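> Line by line, the protein sequences are chains A and B.
Residue 196 is where the first sequence ends in my numbering, and the numbering goes up by one at each step.
Residue 170 is where the second sequence ends in my numbering, and the numbering goes up by one at each step.
Honestly, the hints are just simulated from the structure, not real lab data.
Honestly, I wouldn't trust all of these hints.
[Claimed, not checked] Straight line, CA to CA, 20 Å or less: simulated EDC-like cross-link-like pairs of lysine to aspartate or glutamate:
(1) Lys-153(A) - Asp-107(B)
(2) Lys-180(A) - Glu-82(B)
(3) Lys-83(B) - Asp-152(A)
(4) Lys-73(A) - Glu-189(A)
(5) Lys-155(A) - Glu-82(B)
(6) Lys-180(A) - Asp-80(B)
(7) Lys-112(A) - Asp-159(B)
Note that the coordinates shown come from a computational prediction; the quantities given were computed from them, not determined experimentally.
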Amino acid sequence: MDDKGQVMILESIIFTVTILLALVFLYQLSPTSTVSKTYTNDLEIKGDDALKNLYTSNIPSAIAAKIPSGFPKNQLVYYLITDDYGSLILSNLSNMLPPNTLYNIYISNGTKTVFWCSYRPPSAFDSSEPFPATEPVTISHIVIAIHPDFFDKNKFPNIIDNDGCELAKKFRIGEPNGYKGSLYDVILEMFYIGGY
Amino acid sequence: MNHNLCDTKDRQPCRKNSSQMIVLMGVVLAISIFVISSLASDIINLDIVVSNERASSLVTEFSYIKKTFGVSLNYNLSEDIEKADNRLIFQGDIHKSITDAFSQTRDEFYVLELQYGNIFNATLNSYWPQYLQNETEKDSWYVHVTISLEDGNTYITEDVLYSIILNPET
């Protein structure tokens, strides 16, 4: 009789443990809410890699040969200084990001953030105003350095056209109350067409 | 004579014990399947965990900052840029401006990184001339800096030696 009681207790304990483990099992297999986070994480990684690639790779050698030594020759900085939206976006950035991705590019100096250009596939970009973002929005960024003199069209007439650089105008570089530093944050705001 | 311990007048307890052991083994088998399935589901979610960790990693951010800090410091030290023979000459006096330029660079990085919830700090350790072309012409300098970055979970710090090109003003 004692043995029967002990075994029944053991069975009840094992039954309870089994129920708890079944609940844990169901919880582990339940649909996770991280599916959309996976997509934004992957897009953030792609955005970071794309910006890094543009910052570390140089402009075509035919263009680089005409630029004095010491002037930035990496694609990201050069196309920002020369307002070359087509080369930066259509020829480079769009090829490194998923085809159904829209993005806005902002430039920040820490205290002020300005809009630079936006892209809508397959081949349209707009430098007047950003596209309205649709959730989820993914942000990638990279910190770059540009000396204020690099925006001077008088010092570099072969590089900067007579209208001057748009970035210099927005940050009022060269003006008495303008930005005098050299640090910029290139912000890539990405989202899929139609959201996710 | 074969004596079967169960072959007695009272066979009920023996048969009940056998069946209870069988049920117990079945339960243990079911529990094992549950545990293995839970482990398998954790492994399946690994690609989600890895991409989340990489996207939020501070190491990538630190590598950009480490490279750009030196460039920005060089630019902030340069008071003027002149062109000569298709090359640029960064003019400045490092002895006069190293402290202010370093503070300006550090503060600019601090403000930028703070927008992303990261705390940036840098310490100027020392600097000395690096004679490259002409022993009497000091146009290259080594600047030894300690930079650090943290986001509340991760703290990264590294001693970096930057090579600064700075020509004395003519």
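> Now look at each hint and say whether the structure bears it out.
Quick rundown of the hints versus the structure:
Only pairs whose Cα atoms come within 20 Å are accepted, and Lys-153(A) paired with Asp-107(B) is rejected, the gap being roughly 28 Å. Under the criterion of a C-alpha separation no larger than 20 Å, the hint pairing Lys-180(A) with Glu-82(B) is consistent with the structure, at around 18 Å. Taken as a hint, the Lys-83(B) and Asp-152(A) pair is honoured in the structure, with Cα atoms around 13 Å apart against an allowance of 20 Å. The hinted pair formed by Lys-73(A) and Glu-189(A) fails the criterion: a straight-line CA distance of about 24 Å is larger than 20 Å.
Note on Lys-155(A) and Glu-82(B): the hinted pairing holds, with a Cα-Cα distance of about 8 Å set against a maximum of 20 Å. Restraint check for Lys-180(A) and Asp-80(B): satisfied, since their Cα atoms lie roughly 12 Å apart, inside the 20 Å limit. At roughly 31 Å between alpha-carbon atoms, Lys-112(A) and Asp-159(B) are farther apart than 20 Å, so this suggested pair is violated.
Consistency note: the structure conflicts with the earlier hints numbered 1, 4 and 7.
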